[in-house]
Amino acid sequence: MENPLLELRNITKEYLIGGGLGLGKKKSIIAVDNVSFSVSKEKPTILALVGESGSGKTTMSRIILGLLEPTSGEILYEGRDVRNWIKKDRKAYRRNVQVIFQDPYSIYNPFYRVDRVLFKAVKKFGLASSSKEAQNMIVESMRAMGLRPEDILGRYPHQLSGGERQRLMLVRILLIKPKLVIADEPVSMIDVSLRSIFLNNLKDLRSRLKMSTLYITHDLNIGHYISDEMMVMCHGRIVETGETTSVVKSPLHPYTQGLVNAIPIPNPRKRWKDTVDIEEVTFKELLTQRQRCIYTHRCPLVMPVCKEKIPVLIEVEPGRRAACFLHPEVLEATKSQ
Amino acid sequence: MEPILAVEDLRVYYNSIYGDVKSVDGVSFSVNPKEVFGIAGESGCGKSTLVEGILRLIIPPGYIKTGKIPYKSTDLLSLNNEELRRLRWRELSYIPQGSMNSLNPVLRVEEQMVDAITSHTDTPKEKAREMAIARLKEVGLPVEVARMYPHELSGGMKQRVVIATSILLKPSIVVADEPVTALDVVVQKGVLQSIANLRDNYGITIIFVAHDLAAHAEIVDRLAIMYAGEIAEIGSVYDIFEDPLHPYSKLLIAAIPSIEKDVVQGIPGLAPSPLNWPTGCRFHPRCPYAMSICSTEDPPLKETKKGRHVACHKYK
Amino acid sequence: MSQDIEKKTFLSRFRSEFSTVLRTSTVFRVGFVLLIIVFSLAIFEPALNDFRLGGHKSTEFGVYDKLLPFSIEHPFGTDHFGRDSLAIQITGLKFSLMIGLSAGGVATLIAVFMAVVAGFVGGKMDAVLNSVTNAVLVIPTLPILIAMAAYMRMNLLLISFTLAIFSWPWAARTIRAQILSLKEMGYVELAEMTGLNKFEIMFTEILPNLIPFIGVGFSYATIGAILAETGLRVIGLGPAEIPSLGMLLNWAMTFGVLAQGYYILVIGPAAFLILIFISFNLVNTGVEEVFNPRLKKITGI
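Protein chains in written order, with our numbering: chain A, 1 to 337; chain B, 338 to 653; chain C, 654 to 954.
One should not assume that every hint holds.
[Claimed, not checked] In the BS3-like style, the derived pairs of lysine-lysine whose C-alpha atoms are separated by at most 30 Å in a straight line are: (1) 270(A) with 643(B); (2) 719(C) with 124(A); (3) 777(C) with 27(A); (4) 409(B) with 270(A); (5) 710(C) with 88(A); (6) 273(A) with 507(B).
[Claimed, not checked] Stretch by stretch, here's where chain C covers chain A in the computed footprint (C-beta under 8 Å, at least three residues): (7) 186–200; (8) 241–247; (9) 269–276.
Just so you know, the hints here were simulated from the structure itself, not pulled from any lab data. Cβ atoms here follow ideal geometry from the backbone N, Cα and C, with glycine treated the same way.
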């Protein structure tokens, strides 16, 4: 079996804060807690990484991009250790794994015209052999994404809308042709009416470039629309993975169920029937007592074992993994560790 | 039903070196008592400026060009500062955008709330404390929160504190501008339910401003859709979602991704700039149903059926 | 090809930014006009004085009778050395400005260098440089300058250099703070994701956005240096042959002109100093007025 496109093995990121000047104890915050997953090379996939704030999804994306060093664990890209690869040849890794950031306003240097972002990409990755060729490539790629070069090239960032700027990032991706793109909430800061154009463009790139995407979002509606597979994170751990429609329609983890129950449905006939309990004031325990399931403080189905052991994330149904003691397989696997 | 508040032809402009920026350009609607009235629209449509105008919070270079805001037996736009001060908090309360981040970090929650009461009324401190605790309970917060500092609270709890503070003096109307935008989805649900609760259990009228149409679908009774400084459509929440009349409403609803559907469509073109509104109907450059009249005449907001208003030449 | 467009239009972009500031800010307009006056006087001083004094230098002693009253020939009268007061004061303006600009220039260069190295390398180097900056900041410059001037033979170069050595920390701190904020910007991360190395990022992404701050830093360093030099001169230190405005004030006070009623010999140099300060400050304020809100909106800082 081939190496997966991307594989994370026991990745942990721990931050130590406080204890200044060597006095006093340092507090440990675990942003990413022993996370393992892989993206297959079989066919181009869009994998949604869903989580609320504090789930660790952004930290994990930065680790995959090489912008942050994990405290422990390995990342493998097509079998190659990424950390070593980046040290030796950062550009080669960047050629394969690219990013779309969240904020369409801060990703453009206000001093330059927007063209520069595209030309720099072409130049740095050696995508064209002359400026004329570069120019042609850029114009073609823009048209392929449904953007008019006449209206966009030569402008400064503040003269374009957020939607246009984000779509220009897709043009950049089309030029670089990476095999994997990490998209960090790319539409959360643009208007709803422009989001679908971007999302449809992204889907298009998947088939056109045979490119896989790790799409990070807190919005399950968008995650559901864009992705084939979904991974749910909570407080640094993955709690559930599987094919998107199944995860959303029949969640295997109470946390996922809670998220699905909380999605606002744009249909006034299908309003929420239940109410949400106020979150516990003392969830600070979560920071220190991690030898337990991370959802114990809010889970309506919590059992004694949940507070004593960390549930293992394993396959519970074909193609679906969950980390919850409600499933006997998880109890078995945890016990045998 | 007599409306509790109405807005008649409100125009809020900004003075700039390029001329008048017409952020709110002739908006009219009415709000019924004890309902949640939603104002939806994308960025730049003017909805925040609209509520700031209603609450007389516009500062130069912004100014109110024309309009009337009948409330009870007065016109809000004709009141002087002293009369407005008496009205604020006691009858009309405001939760501005991002207010959960403007809680005073050096005061305990209780102190801030008591301050708000004692500075607007002659209530003695002890009584004010009781009122504060009662309100916190009403929004579903545990009593311990009163003695805590804002930084010890999560985003959702802070927002609920803000809501509790806004209803301290039992106002008739609460205006909330994007109260749930920065919150996680589960927390968002809780806060939205708190807001709906204000209507259900305390009979408070709420004007709810948000760009997230799904949030509107969950709690509002009637909804106005704004586009380019004007109102495109007003109707009951059921009418708007099940039978949108204005092409913009139709496209906007089709653009919302949801786990209930698999197809999502965008709206072509770009939102216009208030420096340069298009001629005629402001939506015509992007409208799939545009006719020749649409580029020359701006359709007025007309009542087509009972309780439904549309500003579109398709409906005569 | 787009890069050519960038270079060619950098100048035109500067011109358009400049005219925006000129158009928007009255403060800037006034300051700019005053600045032009100041610089014109300084630049055309040799020609001007040559013309007025018929070949004599303004510093020459005894060309005229001492302490003459105002007249068309001598709008400010003459001083106790028999020199035309207006002429020597314009010369003073020139020297004060020169000292200020050179000290300010060197100080700014040092500041930019320190800030860039600290921001670029980061880590321990940054911590060390930061401590050095703070240490120099705290050193009381004036007493040291006084001591130096009292014991050493100072010339123009030495004065400028010494002033520069002590006035760079303020600008270095400001610029370093800006660099640290700019490093967090999305476009810096995107540049890293596009394979630019630290060097390229510092010089092509960060530095251009520092220009307004460097400009303002240079302005303040210049003013600071002029003030410091004037302070030194007024207490009688520094090379006597360089007639900076401070020196003129010193002479005036030494010869007790105020008691004798020759106020112009004090008011004149003071007025020219004030003119320099006002023009620089107004220009600074005007630029900050226009740039800061726009900067906040555009760069997001």
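Status of the hints after comparison with the structure:
no.: 1; hint: 270(A) with 643(B); verdict: holds, 24 Å
no.: 2; hint: 719(C) with 124(A); verdict: violated, 72 Å
no.: 3; hint: 777(C) with 27(A); verdict: holds, 23 Å
no.: 4; hint: 409(B) with 270(A); verdict: violated, 35 Å
no.: 5; hint: 710(C) with 88(A); verdict: violated, 67 Å
no.: 6; hint: 273(A) with 507(B); verdict: holds, 27 Å
no.: 7; hint: 186–200; verdict: violated (count 0)
no.: 8; hint: 241–247; verdict: violated (count 0)
no.: 9; hint: 269–276; verdict: violated (count 0)
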